[in-house]
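Residue numbers (our numbering), protein chains in the order written: chain A, 1 to 121; chain B, 1 to 825.
Please note that the accuracy of each hint is not assured.
[To be verified] Below, a list of computed lysine to any residue pairs in the SDA-like style, where the Cα atoms sit at most 25 Å apart:
hint, chain 1, residue 1, chain 2, residue 2
1, A, 30, B, 742
2, A, 82, B, 702
3, A, 30, B, 746
[Claimed, not checked] Covered stretches of chain B (chain A as the covering partner; in silico rule of three or more C-beta atoms under 8 Å from a C-beta of chain A):
hint, region
4, 722–729
5, 787–795
I should point out that these hints are in silico values taken from the structure, not numbers from a laboratory. Just so you know, even glycine gets a beta-carbon here, dropped at the ideal spot from N, CA and C.
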Amino acid sequence: MAIVTLNLDDVVVVEVPGPSLDASNSKDFKAEVGSILNSSQKVIFDLEHLGFVDSSGLGSILSCLRQLNGAGGDLKLCGMTKPVRALFELVRMHRIFEIYESRDEALAAFKSPGSVPPLGR
Amino acid sequence: MDSNYGFQPYPQHDAAAAFEPQVRKALFGRPAEFASATGCAVAWEYGGLLSWVVASPDACFTIEHGQLRMRAGFRQEDHSPRGPDGRSGLDGQSGQTGRDGQNGRDGQNGRDGQNGRDGHERNEDGGVAGVEAIVDVLVNAEDQLALLPPSVADPSVADPSVAGLSLVNPSLASGAEAVTEEAAVAQATVAQAAAEQKAEREYRCVPATVQNQLIGYIHICCPSRLARSGLVGMLGYMLEMVEKERQEDSLLQELSASWESLDALFEWTVDMRNLPNRQEMLNRIIERAVAVRPGARAILWIEEGDLLLPTAWVAEARPQPRSKSVGVVGRALDQRNSLVLRRAGRLSQILDTEPELRTATSVVVVPISTQSQLHGALEVWSDDDEIEFESPQLRLLEALSMQAALVVENDRLYSSQIESERLRQEVDIGSRIQQSLLFSKVPERIEGAEIASLTLPSQTIDGDFYDIVDHNPHCFDVVVGDVMGKGVPAAILAAGAKSGLFRSLCQLMVDAGRRDIPQPDAIVSKLNSALARQMMSVDSFASMSYARFNLKTKTVTFVDAGHTKTFHLRVRDHQTFLLQGENLPLGILEDEVYQQIAHGFEPGDVFVFYSDGITEARNAEGEFYGEFRLYDCVRKSTDRTADGLVRAIRQSVVSFSGREVFLDDLTCVVVRIQPNSAQAIVTRESRVFTSDLRELSRIRQWVNDLWLRWAPREHEEAALYQLVLAVNEVSSNVMRHAYKGDGQQRIRMRAWVQRNRFVLELAHTGEPFDPQSKEAPVFDGSREGGFGVFIIENSVDEIVYSRNDGDWHTIRIEKSYFAPAQEKD
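Okay, chain A solo, but in the shape it has when bound (with noise of 0.2 Å):
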């Protein structure tokens, strides 16, 4: 799995690769992102390749959030896909997860917090 990724000043943002995160790939991709998210504080994780998510796929991301916020980084989501964006709601996981339309706004929200307010909250 390649994950293409973008360094913004100290924000790196992740392109999660398509065209679905489920039970066959989700570990690969954690795998795959541990050592970004070593090394960052401030991730975005752009999910607009991503037509579908399930249930292993939202557990790898929320791994990630976890592994973020336990090292005191932050994570945000943007790009979300209308499947993808109803299984968050179905969860109830655009109330953990700052949620943003796009890469811009996610981008704007880290470098002056508060600036743009999360999708859905």
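Got chain A; can you put chain B on it based on the hints?
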């Protein structure tokens, strides 16, 4: 009236005769009301006869020389010049002349004919006061006439019948050979124009058809066009009444036939217990056999080697032993089937060998047999042309021959002292009683519902019985009962209970003037009071469920006489209801008043009636099958047709108990209300996937594509996301938990795309997956797992886990195209 007019005699209508009794009943009194309200004259014609005529004050119909005649009188005020002939058509002949001279054949003609007379004082020349002119015409069904007073049409015409003729349609005119066709058309046009302004009488004939059979004609003579709408209304009403009468007649006939044969069996059995020996019993049977039709004769033949010995008879001459392979009797024995022959022509071939049939016009032969052995035959015949043996008589004779088999078999076995064989034969006979009398055939055609039944007879016969009574297209009764006890006595008591049921129903129908079908509580109360003494005298009782389904009001009206709880599955929300009352079984208290309960249902709903043989089936450990397993089996069945459910119940009981033969009878009747068209299946698809996690995306794709191809255009996208998510979660659980990560196994997917929902069934052969064992999810982000089951349950409308078909476990998911599942908080 001569036949110069060239009309054919009125045709005979075969169908008409069949409907005539109902027409008469349905219309009793109605035509008179109609006629007096509208001022019309009305006649009902069938088979070339005027069955009844209601004359109006100045019009009447008669049949003369096979031709229908209408006479209409016009009053002074209708036109000024007096008609040339003051003779009234409304003489004493009105409405009484049938073609074959059967005057007053239904007792109404004369009375109705009076209407025409009583209101009018006769004047000296036999006319009616105030009636100035008579139009007297021959009419037939094709005519539509507008009649004017003779003076308006052509005052110069001398003969009033010709005066009428000049105004009628061209076919009539040409028949008279009095005018050319052109002239007739011209006259008709003139007549029509005149009629629009001044027509005083209109003649119409309306053919009456019920179920596409012509049953007769209504002839009507209206004083105005307005009355015609009344005619149409009356015709509609009449046909409705005729159809209702017909349905009730056939129901009553069927009920009486069933009741007679059951009742006969019951009474004979009770009766015969008091008879000392075999010969007396067979004599009694032959007496009963000849009583089925007046003048019938009968011989009871018993097999002895290659011969048939006459053992009991009612005949002119003492019958002689004969070979068992000859004649009609030989044929019936050979075929082991009842034989019914009618008409002398057919019987002429066998005169030599069977002299008793020399003058017979109809004959019935019923073999006397148990399943394993043929004992002889019951031969019944009649010499009377008028007498025919029909299905009710045949059923009675078959019940008698069953009785004879029981007598002969018992006698034979007692004398040979083979007790175990005797018991076996008793079971055999008992089960034949059950199959032929106690378990009714499920009606082939009940619109709006499917019914299927299951009967697994036990080693010893029980007194289980059921019946379905089809009242009309939207109303039917289901009765399931169980008489305490075993063996032939229980079967016969059950026959008694069932015959009592029909008798109660018939009596109540007759008492109520058959306006309404009696209510279940009344039927059961009446049945109980009729049966209680007999039941008490033999220390028995019967439990029963009586349910009436009304598909129009979507209500089941239910009486529970101490029976097992009837189970109702409401398919919309998978809610289950148990229908249970507080009444005692039948035969405990003579004056028990039975209460009925009304309960609503919806399209697609399922009802299960059953005997305790099902819930009390045991497995090797001695556990009962129980109600819960039954309900669960119905709830989880993927095939919700009545047949499919009966199969599923059978499979479930058999696999639970590990046997095919039971201690008690298993009886079960499933009623499924026809689903809405919304529940109709648009397409079915199936596909097999492997249990590799990488198949998940293919599974999602398959579901997604099916949905997009078949779902209604206005479906909700969110509903699709939720379905795909749920299917993914279920599949992933099966792969990881049921198959424990083994990617080489199979997952079978089946989809039923319905109009209103998407149903998907996933089947696997791994460990059963128990969703209940999963912990509740935590939503605070502190745990990464535990969402799967929550996601599944909150994404779909219905999920059912079950085990069926041997090793396959199935999980069924249902998802509506709309209304995303609500989040449970």
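Results for each hint:
1. For the hint linking residue 30(A) to residue 742(B), the alpha-carbon distance of about 22 Å falls within 25 Å, and the restraint holds.
2. Among the hinted pairs, residue 82(A) with residue 702(B) is consistent with the structure: their alpha-carbon atoms are about 19 Å apart, no more than 25 Å.
3. Of the supplied pair hints, the one linking residue 30(A) and residue 746(B) is violated, its CA atoms being roughly 28 Å apart against a limit of 25 Å.
4. A count of 5 residues in the region 722–729 of chain B with a Cβ less than 8 Å from any Cβ of chain A is obtained; the coverage claim is therefore met, three being the minimum.
5. For the region 787–795 of chain B, the proposed coverage by chain A is satisfied: 6 residues have a C-beta within less than 8 Å of a C-beta in that chain, meeting the threshold of three.
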